[in-house]
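Protein chains in written order, with the working numbering: chain A, 784 to 1134; chain D, 784 to 1134.
Hints were generated in silico from the structure; no laboratory data involved. Some hints here could point you the wrong way.
Which copy is meant is left open, because identical chains are indistinguishable; a pair holds if it fits in one copy or across any two.
DSS-like mimics (lysine-lysine), calculated; alpha carbons at most 30 Å apart, straight line [stated by the list, open to error]: (1) K1045 - K930; (2) K837 - K809; (3) K1045 - K803; (4) K989 - K821; (5) K803 - K873; (6) K921 - K813; (7) K889 - K809; (8) K813 - K1068; (9) K853 - K803; (10) K785 - K803; (11) K876 - K903; (12) K922 - K814; (13) K921 - K814; (14) K837 - K1072; (15) K785 - K930; (16) K1045 - K873; (17) K785 - K989; (18) K889 - K921; (19) K813 - K922; (20) K1068 - K809.
On a predicted model such as this, the values are computed, not experimentally measured, just so you know.
2 protein chains.
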Amino acid sequence: MKEVRITFVGFGTVGQGCAKHLVRSKRYLKKEFGFNYKVVAISDIVKGSVRNEKQGLDLPKALDLCARGKKLDDGELKGEIGLSPIDTIKTSKADMVVEATWTNLKDGEPGLTHIVTALKSGKDVATSNKGPIALAYKKLVNLAKSKGRQLRFESTVMSGTPVFSLREFCLRGAQIIGIRGILNGTTNYILTEMAAGKSYTETLKKTQELGYAEAEPSGDVEAFDPAAKITILANALMDAEVDFADVEREGITRISSDDITKAAQNSKRIKLIATATRGEDGCVKASVKPTLLPDSDMLAHVNGVMNALQIMMNVQPDVTVIGPGAGGDSAGYGLMSDILAIHNLKVKRRR
Amino acid sequence: MKEVRITFVGFGTVGQGCAKHLVRSKRYLKKEFGFNYKVVAISDIVKGSVRNEKQGLDLPKALDLCARGKKLDDGELKGEIGLSPIDTIKTSKADMVVEATWTNLKDGEPGLTHIVTALKSGKDVATSNKGPIALAYKKLVNLAKSKGRQLRFESTVMSGTPVFSLREFCLRGAQIIGIRGILNGTTNYILTEMAAGKSYTETLKKTQELGYAEAEPSGDVEAFDPAAKITILANALMDAEVDFADVEREGITRISSDDITKAAQNSKRIKLIATATRGEDGCVKASVKPTLLPDSDMLAHVNGVMNALQIMMNVQPDVTVIGPGAGGDSAGYGLMSDILAIHNLKVKRRR
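Only chain A is shown next, with the shape it has when bound in the complex:
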């Protein structure tokens, strides 16, 4: 197999997470899949930009620079510096772009333009960026199709826990009639801690210290993040046409310790549950809201930063997948699994 040329746009926790997996797995990927790669450019708004199409970049060194708090364009990496992300995408001769910039749920930028530019210039795209996929799924999928390129986005929902590839490759021939899940790790962590007796304020502060929640936490606690995720899931898994703006959304800020104690007295738990259901009119409706779950509900037992998705289908009873919902390792692995899926790489059966 030929060497796959990769350009990274966005090289924060998730982009670096993917790069670490690629470095650690280099030998294994070559041995198991015959897969070889070369990272030809990295462009990050904070860490700078560097490109070396001919020799490829020294990826371990790039990661080391980041670990030491240095910039990518300080001269230690051999290559051309100073290109903007857009110019990097446009001019790079990469086969694929790994887009891992920050999520913007207002207009999807700059990720949206990055992905459009990459597809238009004939490159496959793997992205962890929820913004463009939540806001412009239809447009992006159509563009990828018209250009004969692939667009994969496993890590946008439940990080490296498979949901999109699960539907695509493991539930073939099944029609998905509904989904429900716990899609935000921060709020699930807060609710778990509150169930153990902690206060909302105390726990929120702790999640901010741990780096789970932003200083401005409304993306999580007001449920914008899981609303974006259920939008993506509904559209990609159920072939729906859900608009992010139309998702019924209620966060966890109005839940008191009292509510949780009362629930526990009745052997119940409060969880922030995202759902998408196809109505009798064929339309899919999506919502995110705090929900009282009985002890018999598997999702009642998904605790801490774990995420879960329950998939209802026409062919058999529900299948539920539970796994990490955040973190550089997991989201980075989600990106790597996309890279391998784009090239349709399968584990060899040696025997």
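Chain A is already provided as a structure; the job is to place chain D on it using the hints.
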């Protein structure tokens, strides 16, 4: 896409389950995948054998005959009758054989010979039969490889809940370092009922009445069934060389209501847990035994006939999949998903 010609060998609950899905989904499969099929032969040791290579068999009628307790060879279905399963496989011009005969963990027969014969005569195989895969995985995979045919067996473990396709298509590039799960629905149902205050004897009787357990229940309660499944999982997911006979195995017959009550008093549950772990010497060891699980363990909350598998890997925290572990609908869907995977059919993105 050309029409795929299918031969069924074994047409009990699971074979019929697959056939029902194929009938119900015929239009959908054509529309979504351009997939068309023709069932050219069915051979069942009890229901008889019928073959019609040219026109194909009337599958809805075959199912109707079974529903009415009639035999397949009573003249209502047009075609040649009386061929043995082996002759059906050998002489049929099918592209693939769906092998759904009963599991035999002594020598894998007759399924083993059916699969070998199918592969040798150049046919792909989808099987729900645990015997041949648990006892002769290496031999069968090698044979399939040497013949350039595919052998898929999704429904041998956890029925239609994806585990093999999950590893193959969704966890690409990950190295599996361990697995643990609840792989037998009958014993999990018994343990769940016992935790709710019922006695072992009473519950076993009920599972036999419900058709979950056999009249001779040792395959379940002495854990032969989950031992076969963990053998298959270890070999297929971890590239191990586990022998079924070497699996450490303890059933649930020695568990008393007292044990379960005591566990509950400490917020614990007893579950029949199958595990496979790679030791420091690189060898994989597998076991099945009753295990005391804390409330914080997700598997403690998998109840009734549900099955679950937790997958530990090198790239990210564990992923757990939970779903149906038995039943004609689910196992039949597992077979259908194998048929579609063999032909690498993917859901079209319409937009």
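Structure-based check of each hint:
1. K1045 - K930: neither (55 Å within a copy, 63 Å between copies)
2. K837 - K809: Classified as within; 19 Å inside a copy, 51 Å across copies.
3. K1045 - K803: neither (45 Å within a copy, 46 Å between copies)
4. K989 - K821: neither (40 Å within a copy, 60 Å between copies)
5. K803 - K873: within (25 Å within a copy, 51 Å between copies)
6. K921 - K813: So K921 and K813 pass the 30 Å test across copies only (23 Å; inside, 35 Å).
7. K889 - K809: Cα proximity of K889 and K809: none, with 37 Å in one copy and 42 Å across.
8. K813 - K1068: So K813 and K1068 pass the 30 Å test across copies only (27 Å; inside, 44 Å).
9. K853 - K803: within (17 Å within a copy, 61 Å between copies)
10. K785 - K803: Within. Shortest intra-copy distance 21 Å satisfies the 30 Å Cα cut-off; inter-copy 43 Å does not.
11. K876 - K903: within (13 Å within a copy, 46 Å between copies)
12. K922 - K814: Answer is between; shortest inter-copy Cα gap is 23 Å, intra-copy 37 Å.
13. K921 - K814: Only across copies: K921 and K814 sit 20 Å apart there, 37 Å inside one copy, limit 30 Å.
14. K837 - K1072: neither (51 Å within a copy, 56 Å between copies)
15. K785 - K930: Both ways: K785 and K930 sit 21 Å apart in one copy and 27 Å across, limit 30 Å.
16. K1045 - K873: neither (57 Å within a copy, 66 Å between copies)
17. K785 - K989: For K785 and K989, the Cα distance exceeds 30 Å both inside one copy (47 Å) and across copies (59 Å).
18. K889 - K921: Only inside one copy: K889 and K921 sit 17 Å apart there, 54 Å across copies, limit 30 Å.
19. K813 - K922: between (35 Å within a copy, 26 Å between copies)
20. K1068 - K809: between (43 Å within a copy, 28 Å between copies)
The structure fails to meet hints 1, 3, 4, 7, 14, 16, 17 from the earlier list, while all remaining hints are met.
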